Amino acid sequence: MSIADKDVIKYMEWPSSLMKERPTYWQIAKKIGKSPNYVKNMIDEMIQNESLLGMSVFINPTIVGLKSYFVVVSSSNSTVFENEKFREEIGGIYSMHFSGMKKEVLNIEMYKENDEQVREAIDKIRKFSPESKILYSTYENYEQVSVDPKSLEIISYLIKSPMESINRISLGTGIPRGVVKKKIEKMTSGDIISIRPNFNAYRYRKLNLAVMSVAYQDDMKRNIRSQVTDILCDYIIQERKNINGILVFLTNFSHLDDAKPSIDKIEKIPGVLGVTFVFPFESNFYVPELLKERFEMATGKPWDLQIR
Numbered sequence: 001m002s003i004a005d006k007d008v009i010k011y012m013e014w015p016s017s018l019m020k021e022r023p024t025y026w027q028i029a030k031k032i033g034k035s036p037n038y039v040k041n042m043i044d045e046m047i048q049n050e051s052l053l054g055m056s057v058f059i060n061p062t063i064v065g066l067k068s069y070f071v072v073v074s075s076s077n078s079t080v081f082e083n084e085k086f087r088e089e090i091g092g093i094y095s096m097h098f099s100g101m102k103k104e105v106l107n108i109e110m111y112k113e114n115d116e117q118v119r120e121a122i123d124k125i126r127k128f129s130p131e132s133k134i135l136y137s138t139y140e141n142y143e144q145v146s147v148d149p150k151s152l153e154i155i156s157y158l159i160k161s162p163m164e165s166i167n168r169i170s171l172g173t174g175i176p177r178g179v180v181k182k183k184i185e186k187m188t189s190g191d192i193i194s195i196r197p198n199f200n201a202y203r204y205r206k207l208n209l210a211v212m213s214v215a216y217q218d219d220m221k222r223n224i225r226s227q228v229t230d231i232l233c234d235y236i237i238q239e240r241k242n243i244n245g246i247l248v249f250l251t252n253f254s255h256l257d258d259a260k261p262s263i264d265k266i267e268k269i270p271g272v273l274g275v276t277f278v279f280p281f282e283s284n285f286y287v288p289e290l291l292k293e294r295f296e297m298a299t300g301k302p303w304d305l306q307i308r
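Be aware that the sequence shown starts at 1, since it is given in the numbering used here, and climbs by one per residue.
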């Protein structure tokens, strides 16, 4: 594993407000001191061997009147959750993360209007797979925001084509290039949209990609986050910041045994309630019908409208 390999993955995520930080081949190459062809070849290889399942746009769901929830399920037969029938039954699923050597743990991310709808979804999960266990559920703590119809059009375009250029977005939406650029910058700086790579660590061989989560006392969040970051340090590739009550890192250990000392240190931090370490994992992203319907209502345009 080279530093360049690790950094290509690190810079594939786009939480920044700067347009120059968008994860293009050229921009990543500039950051790691390699050629754009090197970066392109690496990403192409990852897509071909299915260790990279594409790039996805994640949104603050309050812009269309929804909330984002997590439900974590343990199952000895997780294959029952991999088909479209399951997603249709639960509704609103936008991401599913399998983890463990036998894919025995499933983290389901879903859009719902309220807590009652999540409880109904959990009941459906139990009926769909009676032998499964619900380990816990939580939600992403997004600030309530709203955006104008043009911004929603841009977001819907990005969801379909996350890596598209500003020029192409402008042509596809009919919105002037300068307006597209300013609106994207505003939305990223306001944590309204972000772009993330979807990894399949079951197939990735160059890095030991793993997810670590830390449950903690809410009133000690800031102090714990700082200490956890100091302990994991260079192991961290990406971090999720909006999750309520749990801190999640996408990490890389040269050897998986290296994780144990870090876990031991984190567990001893005052206020930490527990640490979960999962390897390997697979992330799948979907665009649920509920989200499409909300965008159609807000923009007045069909989701599958042809690009101009």
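Source of the hints: derived by calculation from the structure; they are not laboratory data.
None of the values given here were measured: they were computed from a predicted structure.
Ideal Cβ placement from N, Cα and C applies to all residues, glycine included.
Please note that a few of the clues may not be correct.
[To be verified] Label pairs and their computed distance ranges (CB to CB):
| # | residue 1 | residue 2 | range |
| --- | --- | --- | --- |
| 1 | T62 | R126 | 15 to 21 Å |
| 2 | K160 | K182 | 37 to 43 Å |
| 3 | N77 | A215 | 41 to 47 Å |
| 4 | S189 | D264 | 16 to 22 Å |
| 5 | G178 | D264 | 18 to 24 Å |
| 6 | E267 | S76 | 39 to 45 Å |
| 7 | R225 | Y286 | 28 to 34 Å |
[As the list claims (entries may be wrong)] Derived lysine to aspartate or glutamate pairs resembling DMTMM-like cross-links, with alpha carbons at most 25 Å apart:
| # | residue 1 | residue 2 |
| --- | --- | --- |
| 8 | K6 | E50 |
| 9 | K260 | E88 |
| 10 | K67 | E45 |
| 11 | K40 | E13 |
| 12 | K292 | E131 |
| 13 | K160 | E131 |
| 14 | K268 | D191 |
| 15 | K221 | D148 |
| 16 | K265 | D234 |
| 17 | K181 | E164 |
| 18 | K127 | D148 |
| 19 | K31 | E113 |
| 20 | K133 | E113 |
| 21 | K6 | D148 |
| 22 | K10 | D44 |
| 23 | K102 | E113 |
| 24 | K292 | D44 |
| 25 | K85 | E131 |
| 26 | K160 | E289 |
| 27 | K127 | E143 |
| 28 | K34 | E50 |
| 29 | K268 | D234 |
| 30 | K265 | D230 |
| 31 | K67 | D234 |
| 32 | K221 | E239 |
| 33 | K301 | E88 |
| 34 | K103 | E293 |
| 35 | K260 | D230 |
| 36 | K292 | E104 |
Pair hint K85 and E131, alpha-carbon separation not exceeding 25 Å: holds (18 Å)
Between K221 and D148, does the CA-CA distance stay at or below 25 Å? Roughly 33 Å between the alpha carbons, so the hint for K221 and D148 is violated.
Next pair to validate is K292 with E131; report whether the Cα-Cα distance is within 25 Å. Violated, at roughly 32 Å.
Taking 15 to 21 Å as the stated bounds, is the beta-carbon spacing between T62 and R126 within them? violated (28 Å)
For a C-alpha distance cap of 25 Å, please report whether K260 and E88 respect it. violated (39 Å)
Between N77 and A215, does the beta-carbon spacing fit 41 to 47 Å? Given about 26 Å between the Cβ atoms, the range is violated.
Does the Cβ distance between K160 and K182 fall inside 37 to 43 Å? This hint is violated: roughly 21 Å between Cβ atoms.
Decide if the proposed pair is consistent with the structure: K6 and D148, CA atoms, cutoff 25 Å inclusive. violated (37 Å)
Need the status of pair K160, E289: alpha-carbon distance at most 25 Å? holds (14 Å)
Does the structure keep K102 and E113 at a Cα separation of 25 Å or less? violated (32 Å)
Does K221 pair with E239 here, judged by a C-alpha cut-off of 25 Å? holds (15 Å)
Is K127 within 25 Å of E143, Cα to Cα? Judged against 25 Å, a Cα distance of about 33 Å means the pair is violated.
In the structure shown, a violation is registered for the earlier hints numbered 1, 2, 3, 4, 5, 6, 9, 10, 12, 13, 14, 15, 18, 19, 21, 23, 24, 27, 31, 34 and 36, in ascending order.
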